[in-house]
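*Asks:* If you want the building blocks of each chain, they are given just below.
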Amino acid sequence: MSRDMSYSGVMSRRNEIMKRAVGIDYDKFEGIGIAFDYEKMMRETGYTLEEMKRIQGSTGVGNTPLLELRNLTNLARKFSDEGKGARIFIKDEAANPSGSFKARRAANAVYHAKKHGYKGVIAATSGNYGAAVASQAAIHGLKCIIVQECYDSRGVGQPEIIEKARKCEAYGAEVVQLTVGPELFYTFLRLLEETGYFNASLYTPFGIAGVETLGYELSMEVREREGRDPDVVVCTNAGGGNLTGTARGLIKAGADNTLVVGASVNLKGLHMASDEQFNKKSFTTGHTGFGIPFATWPDRSDVPRSAARPLRYMDRYVTVNQGEVFYMTETLAQLEGLERGPAGNTSLAAAFSLAQELDEEKIIIVQETEYTGAGKHIQPQLSFARQNGIEIKFGDPREEIPGKTIILPEHPRLIKAIDLDLNKIRRSYIKNCLEINNINKVSEEDLEFLAVDTKSDIESVSRIIEELNINKL
Amino acid sequence: MRAKQGDWVNIYNTVLKPEERAPQVPQDTKKVSLETWVKGFIQHDAEIGDEVTIETITGRKVVGKLVEVNPSYSHSFGNTVPEVFKIGLQLKEILFGGEDHE
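Protein chains in written order, with this note's numbering: chain A, -9 to 463; chain B, 15 to 116.
Same shape as in the complex, but just chain A (with noise of 0.2 Å):
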């Protein structure tokens, strides 16, 4: 008997294919409600703390230099009032074995799948995640498939796109690319079906707990040399997962004074899965395009419950502008010797702005740097975004208009982390969790779900709800 292998057939089959491939029952953890028990789901399917960093260790991932940026310090400084500017570090990641803080959440994922039997693994990124993937495939000889949205209908693909799959491929996995559009997930699926691969997903437990190391690890670090916690961690904030694993693993160190703070690139206005659009923009993730969607409807990912839930864990979320990260990635070249990849700096950018604000013997971490290369670059990615049409120039950042322009600041002291209102992204989760799953009267137990997952309360979650119009039970 043959299977409907049409759009609608094997979009039919998702939760089936996805059980195999993922080997969780999420329906363990469900409530009746919009609720779902998130550390049951955590502790009983991911790995504990210790297991993870031996997991790790045992592949070369993990224990990055922790560097301490002191001419960007000093830079910050000049343009700060007096007794103010930060101390800032940076988390190199780009020391992992295959270059990002990705490896972390590959290294966890695939040694499951090993574990379990699977014969291989199958990812759906156009990011960094693909070649942590494949490195770690590598490593434990399983097989591998990335699966990317790369190319326009021009056939033209982001350069930066174009780099990951050959650094894939440099690893030995296959790398599968689409155009532009969401039905990626449609062939992902088949690929999954075809071949029984382990779904390596990025938003599943033993992705997520694997950030968790990272967030461990510097805050043990600044301990052992300074003494004390640090007093903020800015994360580059796209699907959640790097927000929500570095955050668990600074409780887990009981770093609990520590401010999170997410940093995503303004793509504001630039649709995503807009063929047009596509090659208009110059960051293809840690952008607003997937940090604002994720942000406020974390279970849109590519499995049933996402452990990634940025809301949860997120002091303050702000933005920056592509001209002002592009501008920070020279700057950590030209003033720290440090040549990294651009998507990689946005939390860079953002904590330059951040430093000003606090006093100077406080620390403010970067948590991650990512490698570079061809295609993946300062100057490749400004070069095709002027082949595309946009404007370069410098000037003042916030005049930069996405898809239009790309303005470097005319002087650092312009460079500014904008806050986006937390308040409004958390009503904008809340409402979505009641329109999906369609809910009319809210129980107890949702009610405390949703204070937690909003990292509020349950009388501001009451007075959100109640503006909505929805009765209380």
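I should point out that these hints are in silico values taken from the structure, not numbers from a laboratory. Any given hint could turn out to be false.
[Claimed, not checked] Computed list of lysine-lysine pairs in DSS-like fashion (alpha-carbon distance at most 30 Å, straight line): (1) A/Lys133 <-> A/Lys43; (2) B/Lys100 <-> A/Lys74; (3) A/Lys18 <-> A/Lys421; (4) B/Lys75 <-> A/Lys104; (5) A/Lys394 <-> B/Lys45; (6) A/Lys352 <-> A/Lys68; (7) B/Lys45 <-> B/Lys79; (8) A/Lys133 <-> B/Lys106; (9) A/Lys74 <-> B/Lys106; (10) A/Lys352 <-> B/Lys106; (11) A/Lys109 <-> B/Lys45; (12) A/Lys105 <-> B/Lys75; (13) A/Lys270 <-> B/Lys18.
Bear in mind the structure is a predicted one, so any value in this text is a computation, not a measurement.
Go by the hints and put chain B onto chain A.
*Replies:* Relative to the frame of chain A, chain B by itself:
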């Protein structure tokens, strides 16, 4: 161009035609097909444009239209954007104060 059995090639498939695209897709994307490419070793001699079978690096057999023989990486550091060179000069001037440190 001709591909010989065993050559490393790139093949093409249309996944969804414009009318088959998902409802949530924006209008401009709905006007075009969802397309895919995958590379592998070709199983038989063929011409560009032929429907061919390849074996991918993971051992999958995939059928599709032959579009490229010996596909190569051509991404680079792009055409130099000279503005970038001004950034370091400005930063050093602000931080170290120019001539004193030359």
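*Asks:* All hints are to be evaluated individually against the structure, with a verdict given for each.
*Replies:* Hint-by-hint comparison with the structure:
1. A/Lys133 <-> A/Lys43: With Cα atoms ~24 Å apart, A/Lys133 and A/Lys43 stay inside 30 Å; holds.
2. B/Lys100 <-> A/Lys74: Given that 30 Å is the threshold and the Cα spacing comes to 28 Å, the pair holds.
3. A/Lys18 <-> A/Lys421: holds (25 Å)
4. B/Lys75 <-> A/Lys104: Measuring from Cα to Cα gives roughly 24 Å; hence the hint holds.
5. A/Lys394 <-> B/Lys45: holds (23 Å)
6. A/Lys352 <-> A/Lys68: Distance ~16 Å between A/Lys352 and A/Lys68 Cα, so the pair holds.
7. B/Lys45 <-> B/Lys79: holds (22 Å)
8. A/Lys133 <-> B/Lys106: Measuring from Cα to Cα gives roughly 48 Å; hence the hint is violated.
9. A/Lys74 <-> B/Lys106: Roughly 21 Å separates the two Cα atoms, so the pair holds.
10. A/Lys352 <-> B/Lys106: Status holds; Cα separation ~25 Å.
11. A/Lys109 <-> B/Lys45: violated (38 Å)
12. A/Lys105 <-> B/Lys75: Since the Cα atoms of A/Lys105 and B/Lys75 sit roughly 27 Å apart, the hinted pair holds (cutoff 30 Å).
13. A/Lys270 <-> B/Lys18: violated (38 Å)
When each numbered hint is compared with the structure, violations occur for hints 8, 11 and 13.
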